[in-house]
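Join the two chains, each given in its own frame, into one complex according to the hints.
This is what each chain is made of:
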Amino acid sequence: MSGDREKIFQAVREALAPLKERAPRPDYDPGLVSTVKAGEDLRKRFAERWRAVNGVLVDSPAALKAWLLEHGHRRGYCDPVLMEAVGKRLGPEIDVLDTFERARPDDYAFGITRASHAVAETGTVVLEDRTTSARLAALAPWVHVSVFPAGALLPDLQAAAARLGDDPNVIWVTGPSKTADVEGILIEGVHGPGVEVVLLLDDAAFPS
Amino acid sequence: MAAKEQPIDKYSRELDAEVRHAVHDNSAAGTDKRREILWGDYPAPDALRHVAGQLKQHVVENLDRYLEQAEDSLRKRGVQVHWAADGEAANRAVLDILRARGAKRLVKAKSMVSEETELADYLAKNGVDCLETDLGEFIVQVDGDHPSHIVKPIIHKNRRQIARTFEREGLGDYNDDPEVITRRARVYLRKKYFEADAGLTGANFVVADSGRIVLVTNEGNSRFCLAPTPVHIAMVGIEKLVPRDADLPLMLNLLARSATGQRLTVYTEFISGRRAAEQPDGPEEMHVIFLDNGRSEVLASDCRSILRCIRCGACLNVCPVYRQASGHAYRSVYPGPVGAVLSPLLAGKRFPELADLPKASSLCGACNEVCPVDIPIPDLLLRLRDRAKREGIASPGTPPMGLWASMATSPGLWRAALGAGKAMDLIPKSWIPVGAFQAWHASRDLPPWGGGRFRRWLKRRRAEQAATKEPS
Chain B
1 MSGDREKIFQ AVREALAPLK ERAPRPDYDP GLVSTVKAGE DLRKRFAERW
51 RAVNGVLVDS PAALKAWLLE HGHRRGYCDP VLMEAVGKRL GPEIDVLDTF
101 ERARPDDYAF GITRASHAVA ETGTVVLEDR TTSARLAALA PWVHVSVFPA
151 GALLPDLQAA AARLGDDPNV IWVTGPSKTA DVEGILIEGV HGPGVEVVLL
201 LDDAAFPS
Chain D
1 MAAKEQPIDK YSRELDAEVR HAVHDNSAAG TDKRREILWG DYPAPDALRH
51 VAGQLKQHVV ENLDRYLEQA EDSLRKRGVQ VHWAADGEAA NRAVLDILRA
101 RGAKRLVKAK SMVSEETELA DYLAKNGVDC LETDLGEFIV QVDGDHPSHI
151 VKPIIHKNRR QIARTFEREG LGDYNDDPEV ITRRARVYLR KKYFEADAGL
201 TGANFVVADS GRIVLVTNEG NSRFCLAPTP VHIAMVGIEK LVPRDADLPL
251 MLNLLARSAT GQRLTVYTEF ISGRRAAEQP DGPEEMHVIF LDNGRSEVLA
301 SDCRSILRCI RCGACLNVCP VYRQASGHAY RSVYPGPVGA VLSPLLAGKR
351 FPELADLPKA SSLCGACNEV CPVDIPIPDL LLRLRDRAKR EGIASPGTPP
401 MGLWASMATS PGLWRAALGA GKAMDLIPKS WIPVGAFQAW HASRDLPPWG
451 GGRFRRWLKR RRAEQAATKE PS
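Keeping their order, the protein sequence lines are chains B and D. Note that our numbering has the first sequence beginning at 1, numbered continuously upward. Note that our numbering has the second sequence beginning at 1, numbered continuously upward.
Isolated chain D (complex conformation) (with noise of 0.2 Å):
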């Protein structure tokens, strides 16, 4: 069966137990979490998720529109707007913005669009300290990984390997006390930035008629990025827009309780523009960089109800294939449910390499049930099969289905099938070769072939309706 497998499966079946269970755990927390304080709070939660859900697709569909008004709003502010078509270009004008400053130092919060374009590695490349100070992205910078959850970026390592990293650093001996890693990060990361020249941040909003950004952290480390800093970079996909301040709440409330079953983050930010004259600290210019990336293609195709996602990962939590195969099994920036449709969507050409992820799923729905702006996933991902299927993309670990294919799809054949079907009544069930069936049927008996029951009913009804019309 090894050769037949599906990439996910294997990725499942070499994980280590330890980190098995530590995501399993993990994200089954956060999907009960997200339960007790979204219920408990709001009475119908599903009228708030539907809500949201209309508003970002509107966004989605009058992109054009509200990419022009957040680029005026926030030029009417004193922030200097910058376009990327790919991740390429969006790395360019980082640079660019940099090098202007003679900026070698740059502190960064979390942001997904930057691990979209590999901006650390880009900087690195090109004479630039780009360090990340969220905890947990700092721990995967320095261990050289990926993160592997959209919103906890270390699901997957336990304190004994992130000991072992801090040891390895020089942060202080073995200690694998969550406190004592948590205050050595932070004695570190402190130093970098006051010495840091420009601090860069994604954006989880940008609101349109205001020309604000909006950014949410637990930690603060968007904060500190932007309070000795003298530049303010953001980095933000096209699709991250809302209308107006009044559309915040209900996505806020929304995101930190779907997120990490909290009222409100703990930093909610707001930010439009340089300090203010009073202030002695923060950024004296403030950048925003729009990146396409795909997305402008994506919103093309008949899935672009993904576009509304506001990243808050409550999909991954809840999937039950996430939990057993871990971020890295989707062997791309977004994992989980969305990352099974957003990811091979965003790889353009590469395509066929993660067409395997959509399949990755039972279209058990739960994703769907818990998304704060209410994207169809398991229809997103039927949607993605269907277009591989259609490109010929090879697909392993699907059993053959060209026999069942052409029964379907041909009358008479089927109505064969029907009627042999009724053998499976005669024929002893331990006569069956197929291994598969045997373990099925050993704690479960097979029901009495019902084949062709409808099909005879609609001809009687046909019959009996035809009779009783005659007369008339």
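If we strip away everything but chain B, and leave its shape as in the complex, we get (with noise of 0.2 Å):
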């Protein structure tokens, strides 16, 4: 298919010869989508965003172990870098695995993962693809829960978007999976959990 490619450019080429000029870049200041208004606090702003679009949040893993205890989900993965910090505070009541195994997928209630980053602006965890400790974990459990430290709250949608870097799968997940095809009416829970969970921590309680 090179050939394709020589036939695409040189009819891509062709057609823009004709013009005289081409439409100059706007020069727009990146910040004019942004809502978030300067020193605004971006706890509170998170925290209504994420419950609005039926998010969970709780901010001790005591909290999350009460919620999970409530809900009757007792037993789910959890990364093993927050194992000490979260996974081994949710015992004995709760079956925590550091380990998801992949033939098993429905055998996990919840699954635990670290969120990089979080965005006020939208109430939307960051999910990066070298610090999720599996894809799986976070996808496939009718729970996830995100981890991460009040530290790793971002502003707006344009922090997020210049801190994508060199990972090369990050996603953006802002409430549980979703859909309106059936007569438009609200089904959460599609393919992908059908609850999402923060646990915001305090920085010092976050693992190095």
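There's no promise every hint is true.
[Claimed, not checked] Straight-line C-alpha distance at most 25 Å; calculated SDA-like pairs for lysine to any residue:
#	chain 1	residue 1	chain 2	residue 2
1	B	Lys-37	D	Arg-35
2	B	Lys-7	D	Arg-350
3	B	Lys-37	D	Ala-44
4	B	Lys-20	D	Glu-68
For the record, the hints were derived by calculation from the structure and aren't laboratory data. On a predicted model such as this, the values are computed, not experimentally measured, just so you know.
In structure tokens form, the structure reads like this:
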């Protein structure tokens, strides 16, 4: 198909050749789209927006444990890096495993993984491939728990876009998986998690 | 009148009333949600649309440069880049990649270009099982149907029809609760993800300078197509580029708000190559296939601004014609106002078959007002009408305008007609034997004839000007 490459480039160049001038790149301030004000309380904004997309927010491992027990989730996965800070604090009533076996994805009621950042503007958690211990653990269980320190809160999408860097697979998650395909009715938990939980830790409590 | 009917009128007339209501109400709700969130969050959202339009126009008019840059950036990231001049070449590229891996089962996320190339049928003929995973697209696939909306593929189906489909396909007893339907699809598709040998996606954007593709979904199906699977293939139209990562927030903010009235889609993925070394799940190789399939011809035409389109579907939702006719009436992959421009253009030699679509519009301009990249759709529709006329393409349902045209292009005839029009004030209106006129006249009065007034005024003014100039 190298012939196709030349064919396409030739056709594109010929199509553009008659243009006397080409539209310039608009000189715009990318910050134009930000809806976050300077000095805004990011933690407050994140909490408000995360709840607006039906996200669950807890601020300690004990609170997470209480939430999991309340909803009957007694077995799940935890990123080994978070085992000390989070996983071990959920026992003994909750069974926490540090490997995600892809042959048995439905055996895990929840998956706990790290988020690299979160975006206050939209209530979004940022998962990077290098620090997400297993993509499937953050996707297949009914409950996904993202853990990050308060210091990882970014104000807006502009700041998040600037941090995309060289990670090969960054994903911004804004609430649980959902659809409105059937008669426009909102249903959560289509392919991915039906519940998205954020465990927002103080910077000191997050493993370095 | 039936013989003179335009195809879109026929579709609209034959559309099931229940479907028409569903399409109308769901579209109208989409328009309302878009307006609320856009105007709620931004004091002047039109300024954003204008900038986004300028940015995409800049990309379109510099496509040669940005395609080269994107190819280079993607390759540096280890992505294998392929080029396909037409749909057949794109399908073959997919098949070649799959065969090289011995892959037999493909799971795919929503991709409008794969609809263009009819990828699923092609793969099935070549022994590859290609499964749609977006809930709506999955239902369309098992029904042997076609999507009727860019963002809401089954806007034309109701829950009872879907429940019957699921029953027929052995996905459980009849149950039309949307939650039950969704859970059953979850269970069925989950198994398929884990069995699949490869995942195929489209791309909403390709960033030229950083070499990443951007995917947006709400269901998370594209993420699942790329979690247990060893190969990722992305099929992308050559116009999907944006210059920089810093341009993404503008485009993403507008896309989600315009498409579904959300601030941001649930899953926004930025993918630039195989999985990270530390990551146990995900593709070991990534391919991007850039598809032309008529786009370079559109680029050469005076309708190139349609290539700005980011496929949000807002113009469908707001369009009074789409709301009455639904998507299948457009007889092509892209329905609604954007389809009325893009489909005849992409059809190439088959332009005459779809040349009626640009006329299926009252030119009300609502499509342009909601467009996140400010495409002058009514203007493009007029250009295409003009093209059809020039190419002498027959036009069913258009009243004969020959008499009018010869009158309007001959000053003498025009002047005579203006004078004769005065007769309209004198004859009783009930004498006029035109049904449409009588229907109109039943509740209105024809204003007194004013023809020729402007000419008289102009003549007088010229005479006066000449008179005042003379002394000097």
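### Message
Given the hinted pair Lys-7/B and Arg-350/D, is their Cα-Cα distance within 25 Å?
### Response
holds, 21 Å
- [ ] Please work out if Lys-20/B and Glu-68/D have their alpha carbons no farther apart than 25 Å.
- [x] holds, 21 Å
Compare the distance between the alpha carbons of Lys-37/B and Arg-35/D with 25 Å, and conclude whether the hinted pair is satisfied.
holds, 22 Å
- Task: Measure nothing beyond the straight line between the CA atoms of Lys-37/B and Ala-44/D; if it is 25 Å or shorter, mark the hint as holding.
- Result: holds, 16 Å
Hint check: no violations occur; every hint is consistent with the structure.
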